[in-house]
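**Q** Protein sequences appear in the order of chains A and B. 0 is the number of the first residue of the first sequence in numbering that gives the first Met the number 0; add one for each residue after it. 0 is the number of the first residue of the second sequence in numbering that gives the first Met the number 0; add one for each residue after it.
If you're looking for bench data, these hints aren't it; they were derived computationally from the structure. Warning: the hint list may mix true and false statements.
[What the hints assert, rightly or not] DSS-like cross-link-like pairs, simulated, lysine-lysine; straight-line CA separation at most 27 Å:
(1) B:K144 <-> A:K89
(2) A:K88 <-> B:K144
(3) B:K22 <-> B:K5
(4) B:K283 <-> B:K348
(5) B:K340 <-> B:K126
(6) B:K308 <-> A:K144
(7) A:K79 <-> B:K22
(8) A:K126 <-> A:K22
(9) A:K144 <-> B:K94
(10) A:K271 <-> B:K144
(11) B:K88 <-> A:K144
(12) B:K126 <-> A:K4
(13) A:K22 <-> B:K5
(14) B:K144 <-> A:K126
(15) B:K4 <-> A:K144
(16) A:K144 <-> B:K271
(17) A:K410 <-> B:K22
(18) A:K144 <-> B:K410
(19) B:K144 <-> A:K94
(20) A:K144 <-> B:K89
(21) A:K144 <-> B:K22
(22) B:K89 <-> A:K22
(23) B:K329 <-> B:K308
Protein chains: 2
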Amino acid sequence: MEGDKKFHVVVLGAGFGGLTFCKHFHAADARITLVDRTNHHLFQPLLYQVATCGLSAPDIAQPIRSILSEREDITVLLDKVTGFDLAQKKVLLDKNSLDFDFLVLAMGGHTGYFGHPEWEQFAPGLKSLDDALRIRSHVLLAFEKAENEASTAEHDKLMTIVVVGGGPTGVELAGSFAELTRTVLSHDFRRIDPTQARIILIEGAPRILSHLPPELSASAQRQLEALGVHVRTSTSVKNIRENEVELASGEIIHAGNILWAAGVSATSLTKKLGAELDKAGRVKVNPDLSLPNHPEIFAIGDMALVLEKDGKPVPGVSPAAMQMGKHVAKIIENEIRLGAKAPARPPFKYWDKGTMATIGRSAAVAWVGRFKFSGLLAWLAWLFIHLIFLIGFRSRVAVFFNWTYSYFSYKRSARIITYLPPEPSDEKSG
Amino acid sequence: MEGDKKFHVVVLGAGFGGLTFCKHFHAADARITLVDRTNHHLFQPLLYQVATCGLSAPDIAQPIRSILSEREDITVLLDKVTGFDLAQKKVLLDKNSLDFDFLVLAMGGHTGYFGHPEWEQFAPGLKSLDDALRIRSHVLLAFEKAENEASTAEHDKLMTIVVVGGGPTGVELAGSFAELTRTVLSHDFRRIDPTQARIILIEGAPRILSHLPPELSASAQRQLEALGVHVRTSTSVKNIRENEVELASGEIIHAGNILWAAGVSATSLTKKLGAELDKAGRVKVNPDLSLPNHPEIFAIGDMALVLEKDGKPVPGVSPAAMQMGKHVAKIIENEIRLGAKAPARPPFKYWDKGTMATIGRSAAVAWVGRFKFSGLLAWLAWLFIHLIFLIGFRSRVAVFFNWTYSYFSYKRSARIITYLPPEPSDEKSG
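The shape of chain A in the complex, shown without the other chains (with noise of 0.2 Å):
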């Protein structure tokens, strides 16, 4: 199965970017490697339903394998990016290296904490099912400790969540906790009152959703506050400690539970890659998306810093990173199947389809072209956009199911502790 072709296309990360590359990518003289630290793509835009119960991990992953299962001309491995010999055209892996013809660099980013990495411990981010699983079980186990404790000051601490960023994953998150203590959790407690939680949502600009218009912003925030959310924009985080946030007017807030929502840095191995790059860690690309001095290299994605032709980056969306994937797939199949006649290099054209963010039950924003959409019907939109784009049949009715369910029962199906964080004793009890 390996070996005889002439080329060899190894793409790093089977996200959004690097799976559309796959599939687009068909030449019958070339192979793939993909290489993913994890077994699964994840369907990264639903990631805050399965920390906020709404959703079970399998409901959003699908195995890489079990995805590209038909394509014999793609091996996949499991296995860690530790660096590149680019002068090599080789790869450095943690169990293997592999040499390319071809790479395309696809690993997207981590949660970025603007030079406070020591934030990290006290106020997660959301990047991958075992963050989710863990933010899941942190804020569950925060209500019961409140049930078995005494002291209100205790409770008070215990049921507030701060979410530290107003963009679309903060909203979501925010929306999505205060719908769950408001209805999810309300009568199942005889001590605590889980509708009294507090749930803030810090934005350091004078406005949530910034990327969007000031009218649907301000929609956005009308909806976060009928759930019961308080909306604390032009506020700016000072210093996180464990349970406390101090923000720069020397306020400090309490909070048993903080989620950090503020920034993404793509993956730090694009500063072994020796090409500039921006504050966020993102590769300064060509037109094409390749790498300055290396037409045989493409970064794509949340990884890749790409300007229009108004100056603005191309947003860190899962369509772009697609739309991504799709472009280079072209270059590279052009390329081996032409050799020297193949066509110029096309420059990278993002279309922008519209965007949205869902805040709650029958509450969201959408911004499509001209249209601007808020409430019922463009969490109907949403609902619709998402599970077309989910991969695999069963995914995508599992997920309908669980929709179907938790709206009408005012019930979510995953409201396990499973990913217990470590404590010093683990025998079985109780």
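Given the coordinates of chain A, assemble chain B onto it according to the supplied hints.
**A** Below, chain B alone, put in the same frame as chain A:
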């Protein structure tokens, strides 16, 4: 909600026994406190399906609070039992202590290693959701490692799964792993052939499923062998080391995956009760299930040793635990309601409704009264009964959907590595 009632009933454990007690116990003068160290009731008979990628954790677990949400007389506490002060009628918990008038001990058991607790690290058992998620990730990861590995000796080791113990759990695990490797994974690798994986089931007794009639044991063994499982009866394990099982004969099996399904002990907290215990740590109870000299304390389910008329112990299965829960609920209810006028306590009688074990797709054995079934009919009966007894409408529909999907697609819905065993470095890449 708490406080005014005359009687306080403390129930330790929200498994089949404890939960059935709660559902059947109703007394206006009493309140219940139910303590469990997890937040969910677990449908243990399907735990092996979470370990073998067939179901996701939330499919077989329901939040205890949600099940008992309507019962204003029940307070649920997530806490760990640390000891007892029976003279003072007090249960000691990690974060609280509880005074009781009646105490129901329903804490179940944990995996027992016949005096070799050091084997646990190399051969995990299957009692909790965390166990199941860990086993799932470990086995999936072993196949991933084999695909990355050049040495064929290493392949053989990584692709060997040894299951120790030929009871229902061992048979179900071995059959389900055989199906996983023979069908689900068969086309997804390029360097290794998962259908060549060795699944070895080891049983010390002369036949597997020794609680069933010999012809059903023989049928189960034939069905397992048809799936490719090596069944080794009359084979004892002498020692277990990392990736090595040493048999009594001196033979050593090299296996990257060793699972322990050979023994269950009662929780070690029974030692703190000052009552007589059997070898497996179970409390020897009176015929009414109360503790000798403690008419106000009952032990039910896997914690209790109850002898039937023929001198055999009631088996440690969920129907027995549920029947015991109901029995004790009636006794305590009568005594609270009628006081001195309560009828004499009846002895507990176990009603054996039959036994079954599933082996794989269309393969199972069942023994109900005078009837013995094997194959498709037993399998359909197994599916039907397990769906009926699953708690919660959502779980029933979700599990039915997952099974139907797997049956027709030969895929499994939960082939996701989430619970990664701790590794030295955890930086995001690939």
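**Q** Quick check: which numbered hints come out false for this structure?
**A** Of the numbered hints, 5, 6, 7, 12, 13, 18 and 22 do not hold.
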